[in-house]
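J.: Using the hints provided, position chain B relative to the given structure of chain A.
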Amino acid sequence: MALVNTPTGQLKIDYRDASGSKGSTVLHFPYATLASVVVTAADLISAAMNALSDAAIDGYSITYVKREDTPATPTAGSRVEEKGNFVWRTDNGRSTRFTIPAIVDSVLNDSGSIDKTDALIVALVAAVTDVDLIFASADGSDITALLEAYQSFRRSTKRQLPSDR
Amino acid sequence: MQDDSGSTSAVTLFAPSSATIADIDASITVVASILASLSGAVLITTRIRYKWVPDSPVPAGGSTPITRTGIFFFSTGSSTPDALISIPAIKDSVIETSGPGAGVRIDLSNADVTAFASAVVDNGFSNPFADVFELLFAAYLQSRV
Chain A
43 MALVNTPTGQ LKIDYRDASG SKGSTVLHFP YATLASVVVT AADLISAAMN
93 ALSDAAIDGY SITYVKREDT PATPTAGSRV EEKGNFVWRT DNGRSTRFTI
143 PAIVDSVLND SGSIDKTDAL IVALVAAVTD VDLIFASADG SDITALLEAY
193 QSFRRSTKRQ LPSDR
Chain B
569 MQDDSGSTSA VTLFAPSSAT IADIDASITV VASILASLSG AVLITTRIRY
619 KWVPDSPVPA GGSTPITRTG IFFFSTGSST PDALISIPAI KDSVIETSGP
669 GAGVRIDLSN ADVTAFASAV VDNGFSNPFA DVFELLFAAY LQSRV
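Residue numbers (our numbering), protein chains in the order written: chain A, 43 to 207; chain B, 569 to 713.
To be clear, the hints were calculated from the coordinates, so they are not data collected in a lab. The beta carbon of each residue, even a glycine, is placed where N, CA and C say it ideally should be. Among these hints, one or two may not hold up.
Computed from the model, here is a short list of chain A residues facing chain B with C-beta under 7 Å [to be verified]:
no.: 1; residue: SER63
no.: 2; residue: THR67
no.: 3; residue: PRO72
no.: 4; residue: ALA83
no.: 5; residue: ALA97
no.: 6; residue: VAL107
no.: 7; residue: GLU110
no.: 8; residue: GLY119
no.: 9; residue: SER120
no.: 10; residue: GLY135
no.: 11; residue: ALA165
no.: 12; residue: LEU166
no.: 13; residue: ALA168
no.: 14; residue: LEU175
Just chain A, same shape as in the assembly:
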């Protein structure tokens, strides 16, 4: 079991025309290319594309993907709609959150809150708030503490309904 990178990363340039309709251009680059190098190239190529397109460039994104070559077997009955919600305090006094799909029942209290003293949660908090890890809020502020943690359920999408229903 290992995460294996795809052969290439992807540069996606987003456009918007005068009517507000959106489109994109996708380019690939060898996976080993540093993001800083791709950024420089993206700026250059955006300028070249601006000269070719009447649409405005709304920005671009650079994506690197890895896939598990032999995924483990999910726990029987697990559903991604069952979320563990983790709300975090950040260094600038705001909060940020992420969810963990198919949260295991063993970390839940009877109320549906998540047991913050559970060893797995303690390990998660240590990892996320550890200064050696780089996770932050969307505005770049460092994550400092776990504020709330609880279970919730999301509505199943049509694609998530059983195929043999």
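T.: Same frame as chain A, but now just chain B:
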């Protein structure tokens, strides 16, 4: 992550945009090892995405619809697959106006087209299999509705 029913979902975490792929990968590895015990779903894919947006929105330069697309074909060598790059709302000024390709073919000798081709080839872009582009050899107009 994928659950027992085959449905997928994601855990989204943010990292400073100044962080390198290697740094983010290392942090993902640590968190992923904890997630494996916290979730009944299993990890199938990781995705690191850097995003740039202009500090103020730019108006579109003309009335060309986004569906009027320029398709640019690049070769990667004699034994590796060619690939294409599409540019939405392609300007009329790069379309040939005479000859058998009039109204459809993109003029490969147009200065803006050659500048674009050079930017692609000189900066190491490739097809999805990492075969690096060597040459722009054809381009034409396509409507993508």
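J.: Tell me if the interface restraint on A/ALA168 is satisfied: Cβ within less than 7 Å of some Cβ in chain B.
T.: For A/ALA168, the interface hint is violated, since the closest Cβ of chain B sits about 9 Å away, which is over 7 Å.
J.: Is the shortest C-beta separation between A/LEU175 and chain B less than 7 Å?
T.: 4 Å, holds
J.: Are A/THR67 and chain B close enough, Cβ to Cβ, to be under 7 Å, as the hint says?
T.: Where the cut-off is 7 Å and the nearest Cβ of chain B is about 6 Å from A/THR67, the hint holds.
J.: Can A/SER120 be said to touch chain B, with a Cβ gap under 7 Å?
T.: Because about 3 Å separates A/SER120 from the closest Cβ in chain B, which is inside the 7 Å limit, the hint holds.
J.: With chain B as the partner, please determine if A/ALA83 meets the hint condition of a C-beta pair closer than 7 Å.
T.: 4 Å, holds
J.: Using the nearest Cβ pair, does A/PRO72 come within less than 7 Å of chain B?
T.: 4 Å, holds
J.: Regarding the hint that A/ALA97 lies at the interface with chain B, is the smallest CB-CB distance below 7 Å?
T.: This interface hint holds because 4 Å falls under the 7 Å limit.
J.: Please check whether A/GLY135 passes as an interface residue: C-beta within 7 Å of a C-beta belonging to chain B.
T.: Violated, about 17 Å.
J.: So, as I understand it, the hint says A/LEU166 touches chain B; can you test that by seeing if any CB pair is closer than 7 Å?
T.: Hint on A/LEU166: holds, closest Cβ of chain B at ~5 Å, below 7 Å.
J.: Under 7 Å is the threshold here; is the Cβ of A/GLY119 close enough to any Cβ of chain B for the hint to stand?
T.: Holds, because the Cβ-Cβ distance from A/GLY119 to chain B comes to roughly 6 Å (cut-off 7 Å).
J.: Given a cut of 7 Å on the nearest C-beta pair, is the interface hint for A/SER63 held or broken against chain B?
T.: 4 Å, holds
J.: Could you check if A/VAL107 really has its C-beta closer than 7 Å to a C-beta on chain B?
T.: 5 Å, holds
In terms of the numbered hints stated before, the structure departs from hints 10 and 13, listed from lowest to highest.
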